[in-house]
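Listed below are the residues making up each chain.
Protein chains: 2
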Amino acid sequence: MRGTLHLLPVGLGEADASLWLPAAAREQMAKLDCFIVENAKTARAWLKQIGTSHALPDITMNVISRKTDERTLMQWLEPLTQGVDIGVMSEAGCPAVADPGARVVACAHRIGAVVRPWTGPSSLLLGLMASGLDGQRFVFHGYAPIKPAERASRLRQWEQQSARQQQTQILIETPYRNVAMWQALIDTLRDDTRLCVARSLTTPQEWVRTLTVAQWRQKPPPELDRHPTVFLFQTA
Amino acid sequence: MRGTLHLLPVGLGEADASLWLPAAAREQMAKLDCFIVENAKTARAWLKQIGTSHALPDITMNVISRKTDERTLMQWLEPLTQGVDIGVMSEAGCPAVADPGARVVACAHRIGAVVRPWTGPSSLLLGLMASGLDGQRFVFHGYAPIKPAERASRLRQWEQQSARQQQTQILIETPYRNVAMWQALIDTLRDDTRLCVARSLTTPQEWVRTLTVAQWRQKPPPELDRHPTVFLFQTA
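One line per chain: the protein sequences are Y and G, in this order.
Counting with my numbering, you get residues 271 to 506 for the letters of the first sequence.
Counting with my numbering, you get residues 271 to 506 for the letters of the second sequence.
In short, the hints are calculated from the structure, not lab data.
Quick caveat: nothing in here was measured; it's all calculated off a predicted structure.
Glycine included, C-beta positions come from ideal geometry on N, C-alpha and C.
Chain G side only, calculated, beta carbon under 10 Å to chain Y, not exhaustive:
#, residue
1, 275
2, 287
3, 292
4, 376
5, 472
6, 480
Some residues of chain G that are not near chain Y, with every Cβ distance over 12 Å (derived):
#, residue
7, 339
8, 423
9, 444
10, 446
11, 449
12, 456
Not close to chain Y: a few residues of chain G, all C-beta gaps over 10 Å, as computed:
#, residue
13, 301
14, 303
15, 321
16, 322
17, 325
18, 327
19, 335
20, 420
21, 483
22, 488
23, 495
Construct the complete structure from the given sequences, taking the supplied hints into account.
Following this line, the structure appears as structure tokens:
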């Protein structure tokens with residue numbers, strides 16, 4: 271009997287867990303004593319907070335980075351073949367979406383383990399819901415290029431793609447570059463393209479607004495500096 | 271003071287709400303007495319189940335379809351301008367993703383209402399997490415064409431896009447056509463493309479498997495008939 275790889279959500283910021291964590295996911299976390307995580311310190315603090323049923327020093331906590339090689343991942347997943355369940359937790363939100371957790375999941379499939387995704391907060395999905403933009407067809411690009419000329423050209427390319435495929439475009443930026451990204455969007459996109467800014471989702475600083483680019487230009491810039499933000503846009 | 275438009279999740283199938291519903295979202299649902307929903311009957315049954323604090327006949331339940339015009343939507347949102355909160359619920363999962371709810375949200379932004387997305391189950395996101403495919407860049411296409419030749423050509427086009435942009439491709443199908451879609455994927459995609467089948471997520475019938483197309487061809491077809499399924503693939 272193979273163990274199960276549980277993909278467990280963590281919060282997106284300072285927000286009470288009752289806002290975003292289903293009770294059964296919390297119970298599942300509290301039961302496990304073997305994890306693969308992005309940051310051991312925050313993972314231990316979180317397990318302590320939800321009330322793990324194990325002594326913290328007895329919990330195995332393997333820390334994954336982009337550099338962790340496949341052989342190491344396979345060793346960490348070895349307990350699955352003996353029927354031990356393992357939890358995967360990201361630094362924020364749902365594991366294996368925009369983080370190195372996907373490689374852990376891929377290895378688990380190779381050894382035929384059961385993979386169980388638990389419901390939790392995803393800034394991409396919450397942003398899409400709250401944007402009012404088309405949720406029938408959408409694309410997540412990750413990060414845009416940093417160099418201004420390259421970035422503008424890529425944004426124009428994505429805008430054309432939005433028009434051609436009637437598709438919502440989703441991107442993120444490193445929080446300290448949010449203001450520059452907002453400016454680039456405002457300077458580059460067409461007047462009638464709808465742009466959504468979804469800031470600090472699930473937290474008390476949550477703020478979501480969708481306006482046309484022309485409308486955004488007439489307003490003072492939103493406060494985005496160092497707040498996790500998702501940008502979404504769709505052509506008229 | 272404007273009211274808030276609450277985007278509230280419902281379940282993906284027969285699954286206990288503790289598995290997928292945060293407690294605060296449940297409390298928010300129970301408080302509201304004005305809704306915009308895809309199906310009034312299932313919405314009323316659900317409110318009854320979670321224990322609404324209102325008498326069912328006192329709850330306003332406006333039913334949206336793809337044909338609902340914008341003037342009607344604006345009338346339904348009128349209470350927001352008087353400070354009344356409104357809930358939006360889909361037939362399954364998160365509202366405004368792959369359903370008509372996005373138009374309600376767009377109207378709410380036009381009148382400057384606060385839009386609040388609540389964490390809940392999305393088969394697209396849960397499928398992506400559990401697939402082990404790249405979550406750093408992905409696209410959701412909705413449905414593929416139904417006619418076999420057109421469908422095969424589109425799948426090949428998406429496969430090329432996956433290779434070119436290192437992007438996970440996500441699609442859904444009407445449940446009674448799942449078996450045909452699985453066959454089309456197996457017949458059309460390259461041997462080494464990884465294909466994930468994510469069935470009946472969050473329910474007791476949940477089943478997720480990622481294999482290369484060559485590996486899938488050597489197995490008996492999975493049981494997908496009439497089970498909600500998400501298909502995901504990525505080239506090697």
